[in-house]
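Enquirer: Using the sequences plus the hints, can you model the full thing?
Chains as they are written, first to last, in the numbering used here: chain A, 1473 to 1992; chain B, 2 to 424; chain C, 190 to 357.
Simulated from the structure, these hints should not be mistaken for laboratory data.
As the structure is a prediction and not an experimental result, all values here were calculated from the model.
Idealized CB from N, CA, C, for every residue including glycine.
Be aware that one or more of the hints could be misleading.
To spell it out: a stretch of chain A is covered by chain C in this simulated footprint if at least three of its residues, at any positions, have a beta carbon under 8 Å from a beta carbon of chain C; those stretches are [claimed, not checked]:
no.: 1; segment: 1636-1642
no.: 2; segment: 1649-1660
No more than 20 Å apart at the CA atoms, straight line, and that leaves these computed lysine-lysine pairs for PhoX-like [unchecked claim]:
no.: 3; chain 1: B; residue 1: Lys191; chain 2: A; residue 2: Lys1492
no.: 4; chain 1: A; residue 1: Lys1541; chain 2: B; residue 2: Lys191
no.: 5; chain 1: B; residue 1: Lys74; chain 2: C; residue 2: Lys218
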Amino acid sequence: MAEKVKLFVNGQEVEVEAGKNLIDAFGAVGIEIPHLCYHPALGADGNCRMCLVGIEDGRPPLVPACKTKVAEGMKVQLDAEKIKKIQRDIMELELINHPIDCPICDQAGECKLQDYYMRYDGKPSRMTVKPVLKAKKMDFGCDVVHDQERCVLCARCVRFTRLVTKTGELGIVNRTDYARVNIFPGRPLNNRYALNVVDLCPVGAMTSRDFRFKQRAWFLTKSPSICQGCSKGCNIFIDHNREKYKDDVIYRFRPRLNEKVNGYFMCDEGRMTYKQENDNRLIAPQVNGREAGFAEAIEAVRRAISGATKTAVLVSPNASLEQIFSIRQFAASINAALSGYSDGYIKAGDGDDFLIQDDKSANRAAFTLLNIDDSKAGFDAAINGADLLINFQNDLGRSLAEDQLASVLANAKLIAISSAATGCTAKSAVAVPVASYSEDSGSLINCDGRLQRYEIAVAKNQPLKSLIEVTNLIGGEIANNQEARAGLQAAVAVLKDIDLEQIPAEGIALTESEVAHVAA
Amino acid sequence: MQVQVLSARFDIPDANKIDVAKQHGAYSTLEKVFAMQPEEIIEVVKASGLRGRGGAGFPTGLKWSFLPKNIDKPVYLAVNSDESEPATFKDRYILVRDPHMLIEGIIICCYAIKSHAAYIYIRGEYTTQVKVLQAAIDEAYAAGYLGESVAGHDYKLDVTVHRGAGAYVCGEETALLESIEGRKGQPRSKPPFPAVEGLYGCPTIINNVQSIGSLPFILTNGPDAYKAYGTEKSPGTHLFGISGLVKKPGMYELPLGLPLLEVIEKVAGGVRDGRTLKGVIPGGSSTPVLTPEEAQTVTLDYESMAAHKTMFGSGGIVVLDNTVDMVKLVENLIYFYHHESCGQCTPCREGLGWMLKIVRKIIRGEGTTADIDLLTELCDNIEMKTVCVLSAACTMSTRSYLNKFRHEFEAYVAGGAPTQAAM
Amino acid sequence: MSDRSQLIETGKPFAFDAQRDAEFERLVKRYPTRESMILPSLWLVQEQEGWISAEAMAYIADRIGTFPSMVYEAATFYTMYNLQPKGKTHICVCRTLSCYLLGKQEIVDYLKQELGIKPGEVSADGQFSLEEVECLGHCGTAPVVQVNGEFYEDMNVAKLKELLATLK
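Expert: Below you can see the structure in the form of structure tokens.
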């Protein structure tokens, strides 16, 4: 446990974590200190002056909470009239040159300035002179659109590009109330994390071209999940909404804090993978190239399995631990060779030393844990002589060239169990749609051996069956996640002492040695 | 009333040249200095009672003693030659007329604080002055007073001139450091104080030109000789700049503690014929204005100024006579501080522009009593809510005019002053 | 202060001439970090070209090894850096406090009329540019005018007429 200190807030004794600044330490126990420029990932800057608090008997008596560490016995005033007045005064000054047009601002509903006005100001404007006019709708690159007028000059975005991505595209130019965030001419944002500035911006000054003006923030349901764009497993919020007479649709992914995985950030590519959850989905079952009923498709699969002389099963490195376990069980029960071949998911050299990984699959580490062979040789051996290939979610077209895929399919009939409409599903004799991860729950092991859990986020009007349910229907024994987890716990030594039903928010670190040990 | 302590060589032709300066005593105290321990020098400076001449008046020797002991990092000296506070023009005389006094002072200071690198931060506007200063530094290098072995001693010292480029705020010591480090002159939050974490994260002393320039006299003649001038708590002499509506404006070296009105009258010749005194800005534009009544009892020292709720500041005295429109003067001052706000802190960045627009509205004849009250309230709302005191420089001075000359603002509101097109 | 963020792009690459190159190399040794060379480098560009283009800023950033945005910030923050060409004769009139009290406005008005330009502008023939600047530190000899860096103290319209005559 972290060391604690006792201090007084508004005369009340409070115990908080030592070593932190007042904002973070108090925030952790539910006491808010308003702030705009401070962000835990970017450090204290101290420019907004919104977090000024009183320290009784302190020198100086007024300090920025972001730059002040908690200390034993410290007497902090948050509710003193002079502090409340400062908060009102700062809010007034923040707002004099800020457009008061929240109803047409994209940030409305998730704007700190708006929230703080309601909580700390609430006064009518006394501005009777012309406000400072600034530019609007500036293209900063990387699909970031800047509205200078809404900017509070907190410099979070500037600090992000200097401290985190170390690309430094943004700066605050000029001085006094001519100060503005800008890019150097001809040098727009050019980094793979640029859209984080949209999340970091406490107001509506940084917007995402992809998201802006598509949805009001307050209509969005924010469901926690895990990004499946690569093996990092960044924690995200899936922001989605079911508009009247429409389906539940995802509008954006946003990073969700996990200090052990991604901190506060995610990459832009991962962020945009939400589109794959909405679009190019396999919705209707297909049999021999025509749309078919679900029962008919399942029946066709069962017939194919019983008629096959040799069956190969292919599994995706994006499948959850529970799914892979169920598929492994299913493959064994029909004596099929199992492969996790997915070289095409790896983009060698694409990763960086921050979040982006070469491996664009979410759960390859589970292959190691469950002894799934993902080598090309293993796949070749599995497919050799097979007249049936059952492909669970694996986009084989990413790993095999067109002619290679064609030669595989020349001998083997293809059955695709898939959430996405891919080249494979188009070529399959039977295609069975399943729920994608945003509509399902499961466990993943990331590139660092961290076991994480995601839950169902989106509920479609026409819900698709989960992959495990379909596996069960075509002959697998495991009926659902609970059974899979029980099976995993019994079968995998590393998971024995882990309650797979209760994975903590930060995930569980499975040490590399444990994973390697099991594999060996 | 005038004395020649710092200005002893000011009137000697070509005293900016090292040969002339040396003939008149420049660098002569260095032998004595190098025979002393650095700590002894700090004690002498403490004993002299020298207070920082940049405006804040903090005791110089005490400032030096805040340097951490047993430091494993380099120590830097930054000489503040930004001299940008309106009505302040004293350091310029040292830079141009006796730069070797400054260089000698830098050597003394650096030796005392165990620094081997000094940066002179000179405001960019001092275009001709920087050439004189740089020439003097080049001479000092050539003569062996700077460089690998200062005056033949086993002590290395480099002095580098760093030019500002038009930013008043860089006179604030941490903004000055930011500017040397290549950034915008945006003040740093304190703590940490520069003596602990200053230039390049290292312990740094920042002193005004005149403070440093006072060192050769103090070390040559001893602390008592310096304390023979001035008052007990404000010892020594000061280069006062007297400007504005006065017969003989100029730079005058005076001991501290003289009566303000007497100095204006006897040294600067008093107000012009047929005019009467309306107010005095005692120490640079940021210091609260004094009415003639208040000025009666003020003496030119830190304590008397504080007792009159104003500040000694930079010693830049501005005389205002009965022709001055105080509202327009305030507009001129707020314009300045708004122009110079670094743009970092919300209250200063947004607030000073608002104040400027309100005072202009009043001047246009469109103001109301509520605007005067709002202006007054904004002074309170902005002041001391920021990282540095630039905004306070604006609000403290503005408030003094609002309080002491409110009737002039009210006259504008009542339509008593001619309305003008938007300024 | 005005909005100084609009930079001029010349379309031509910039480089220090031999003299400035040598001065850069001399100065860079005086600082423990290369970023400290941002202000001195901007001065060197201004000495060489009279003003500072976007290309020159990019050159400085490359030369120092920093982000162009850092140079951009500094160049727009410090108002003495010229971000567009100035007139052959660049006249700065101090507008603050003592110069204000002692009639800077008459000087500005005279120059506006005589040169046909407003503060911040350059004459059509490129001969003159005019600027109102903040306190120049010559309050004891106010009002003061700075012409191409040279100070002219105790100014009045008559003296200015004489001065302009020598410049035209």
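Enquirer: Name the hints, by number, that the structure is in violation of.
Expert: none
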